[in-house]
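If you're matching them up, the sequences are chains A and B in order. To convert, count from 1 in the first sequence and add 424; that's our numbering. To convert, count from 1 in the second sequence and add 424; that's our numbering.
No lab work stands behind these hints, which were simulated from the structure alone. Fair warning: this is a prediction, and the values are worked out from it, not measured in the lab. Take the hints with a grain of salt, since some may be wrong.
Pairs count within a copy or across copies, as identical chains cannot be separated in the list.
[What the hints assert, rightly or not] With a straight-line Cα cutoff of 25 Å, these simulated SDA-like cross-link-like pairs (lysine to any residue) come out:
{"id": "1", "residue 1": "K478", "residue 2": "D516"}
{"id": "2", "residue 1": "K478", "residue 2": "E499"}
{"id": "3", "residue 1": "K478", "residue 2": "I522"}
{"id": "4", "residue 1": "K468", "residue 2": "R603"}
{"id": "5", "residue 1": "K478", "residue 2": "E451"}
{"id": "6", "residue 1": "K468", "residue 2": "P453"}
{"id": "7", "residue 1": "K468", "residue 2": "L505"}
{"id": "8", "residue 1": "K478", "residue 2": "H534"}
{"id": "9", "residue 1": "K478", "residue 2": "E439"}
{"id": "10", "residue 1": "K478", "residue 2": "Q608"}
{"id": "11", "residue 1": "K468", "residue 2": "E558"}
{"id": "12", "residue 1": "K468", "residue 2": "G502"}
{"id": "13", "residue 1": "K468", "residue 2": "N624"}
{"id": "14", "residue 1": "K468", "residue 2": "A434"}
{"id": "15", "residue 1": "K468", "residue 2": "Q598"}
{"id": "16", "residue 1": "K478", "residue 2": "G465"}
{"id": "17", "residue 1": "K478", "residue 2": "W615"}
{"id": "18", "residue 1": "K478", "residue 2": "R530"}
{"id": "19", "residue 1": "K468", "residue 2": "Q608"}
{"id": "20", "residue 1": "K478", "residue 2": "R454"}
{"id": "21", "residue 1": "K468", "residue 2": "R510"}
{"id": "22", "residue 1": "K478", "residue 2": "R446"}
{"id": "23", "residue 1": "K478", "residue 2": "G452"}
If you want the building blocks of each chain, they are given just below.
2 protein chains.
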Amino acid sequence: MVSPERADRADRREELLDAADRVIRREGPRASMNAIAAEAGITKPILYRHFGDKNGLYHALAQRHSATLLTRIREALGAPLERRERVENVIDTYLAVIESAPQIYRFLAHPDPAAEGLTPAGPLAPTLQSIASELSAAIAAQVDLGPDREVLAEAWGQAITGMVLAGGDWWLEQPDFPRDRMVQILADLLWGRLAAAADNPSATNNHNGH
Amino acid sequence: MVSPERADRADRREELLDAADRVIRREGPRASMNAIAAEAGITKPILYRHFGDKNGLYHALAQRHSATLLTRIREALGAPLERRERVENVIDTYLAVIESAPQIYRFLAHPDPAAEGLTPAGPLAPTLQSIASELSAAIAAQVDLGPDREVLAEAWGQAITGMVLAGGDWWLEQPDFPRDRMVQILADLLWGRLAAAADNPSATNNHNGH
DNA sequence: CGCGAGGTGTTACCGTCGGTAACGTGACCA
DNA sequence: TGGTCACGTTACCGACGGTAACACCTCGCG
């Protein structure tokens, strides 16, 4: 074989994940097992020996990337800042990551739902579920929300994750849209700016209209 | 043929959509064209003659359901209420719909991304994109947001849609969780309750900690 | 040295899916 | 009667996820 020296199995696994990473970066989250195998210079059965099935590979690959993302989010969540700055920090961290590797991010956030099927743990991808949990825990620990603390924190964790997800998806497609501006927009939304703003004086459609 | 009288083509199309609807309700959004054809008592090529491809069928089916959803959302967005009540009304409308037919809703919100591929128009499903647009338009028309009005409205439309989507997904899986309570939780979030709440006095992890 | 064991790799296949080509069949109309 | 046209079929294609079966290479051990 051309491969010079063969490392042990764990290293080999990392090589395969590198190959999968390259293919997904190039072709998006719908890369086929054949394509990944070809990129690695081998054929399908080897992939299956290492990862069981496509979900196994995707799971391994997702863990790899989400580990760093989760770590950074966790840091941002625990940073000794005022709450507004902390929230901005978390959002900025997320947006920075998805900006730096959009294809990989798409793979993490919008995985091909084929074949995994039964995920009763909600339609958020596993990585985002982890983020949501982290967020819920941080809210419950840091904010005084009264007796409904736990439920509120959990629901809000999910909702905020979905909010930043959708906002980030949209932002990625806006050309020349500064990241810090998007952070402000999302933080402002969370800060109730929509609720606090005045009615539009020239409104034609609101309840003052007619 | 067993079919007694054959209606004209448009009616036939509705019959096929009914069949697809039944299959999706039973098997979820991943129903195969074969299964749908079988449910309708015919074979695949007829489906393809009517709908072009799988996306055509899905699109037709989505329009059918999203039409009513969009109408109701639009009504709620234009209702002559105070803003908070209007927002609650919109969220409640959405949650009521997804509660009444979860499988259909999942089909609308989380379609099988196979084969449609190139949707550079964002990862929100088409139906949700419509909702987001509607929402953005309503915000831009009704709320005084200063010079950044349009950008804010568009970004918030996406973000709020994602927020309610993720929140709704989570809520669907909580047993015995009253809908109006979830509406309040989401509206409170939009109203900045997270931002306004006090720090948790017994916090171990916040910036007062050490 | 011979020889089995086990890991690495292959080819060739299966079932399913979305999608299509080619053909049959009936009603309707000049 | 013969032609046309829509409705329906069977049979197929290529791509996919996944697997069985076999080849090779190397290493430890008598």
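How the hints compare with the structure:
With identical chains, the CA atoms of K478 and D516 are never at most 25 Å apart, being 32 Å at best within one copy and 38 Å at best between copies. For the identical chains of this complex, K478 and E499 are neighbours neither inside a copy (31 Å) nor across copies (44 Å), given an alpha-carbon limit of 25 Å. Proximity of K478 and I522 under a CA criterion of 25 Å is satisfied intra-copy only: 23 Å inside one chain copy versus 31 Å between copies. In this homomeric assembly, K468 and R603 never come within 25 Å of each other (Cα to Cα): the closest approach is 40 Å inside a single copy and 48 Å across copies.
For the homomeric pair K478 and E451, the shortest alpha-carbon distances inside one copy (16 Å) and between copies (22 Å) are both at most 25 Å. When the C-alpha separation of K468 and P453 is checked against a cutoff of 25 Å, the pair qualifies only within one copy, where the shortest distance is 18 Å, while the shortest distance between copies is 28 Å. Neither within a single protomer nor between protomers do K468 and L505 lie at most 25 Å apart by alpha-carbon distance, with minima of 49 Å and 60 Å respectively. Taking the shortest Cα distances, K478 and H534 sit within 25 Å of each other both inside one copy (15 Å) and across copies (20 Å).
For the homomeric pair K478 and E439, the shortest alpha-carbon distance inside one copy (16 Å) is at most 25 Å, but the shortest distance between copies (37 Å) is not. For the homomeric pair K478 and Q608, neither the shortest alpha-carbon distance inside one copy (38 Å) nor that between copies (40 Å) is at most 25 Å. For the identical chains of this complex, K468 and E558 are neighbours neither inside a copy (36 Å) nor across copies (46 Å), given an alpha-carbon limit of 25 Å. For a Cα distance limit of 25 Å, the shortest separation of K468 from G502 qualifies neither inside one copy, at 43 Å, nor across copies, at 55 Å.
Taking identical chains as interchangeable, the C-alpha atoms of K468 and N624 are never at most 25 Å apart, the minima being 60 Å within one chain and 53 Å between chains. For the identical chains of this complex, K468 and A434 are intra-copy neighbours only, at 18 Å inside a copy versus 46 Å across copies, given an alpha-carbon limit of 25 Å. Taking the shortest alpha-carbon separations for K468 and Q598, neither the intra-copy value of 38 Å nor the inter-copy value of 40 Å comes in at or below 25 Å. In this assembly of identical chains, K478 and G465 lie within 25 Å of each other by CA distance solely inside one copy; the values are 18 Å within and 34 Å between copies.
For the homomeric pair K478 and W615, neither the shortest alpha-carbon distance inside one copy (41 Å) nor that between copies (42 Å) is at most 25 Å. Taking the closest pair of Cα atoms, K478 and R530 come within 25 Å of each other both inside a single copy (17 Å) and across two copies (23 Å). When the C-alpha separation of K468 and Q608 is checked against a cutoff of 25 Å, the pair qualifies neither within a copy, at 46 Å, nor between copies, at 51 Å. For a Cα distance limit of 25 Å, the shortest separation of K478 from R454 qualifies both inside one copy, at 11 Å, and across copies, at 18 Å.
Proximity of K468 and R510 under a CA criterion of 25 Å is satisfied in neither setting, with 45 Å inside one chain copy and 55 Å between copies. For a Cα distance limit of 25 Å, the shortest separation of K478 from R446 inside one copy, 16 Å, qualifies, whereas the shortest one across copies, 30 Å, does not. In this assembly of identical chains, K478 and G452 lie within 25 Å of each other by CA distance both inside one copy and across copies; the values are 15 Å within and 21 Å between.
The structure does not agree with the numbered hints 1, 2, 4, 7, 10, 11, 12, 13, 15, 17, 19, 21 stated previously, though it agrees with the rest.
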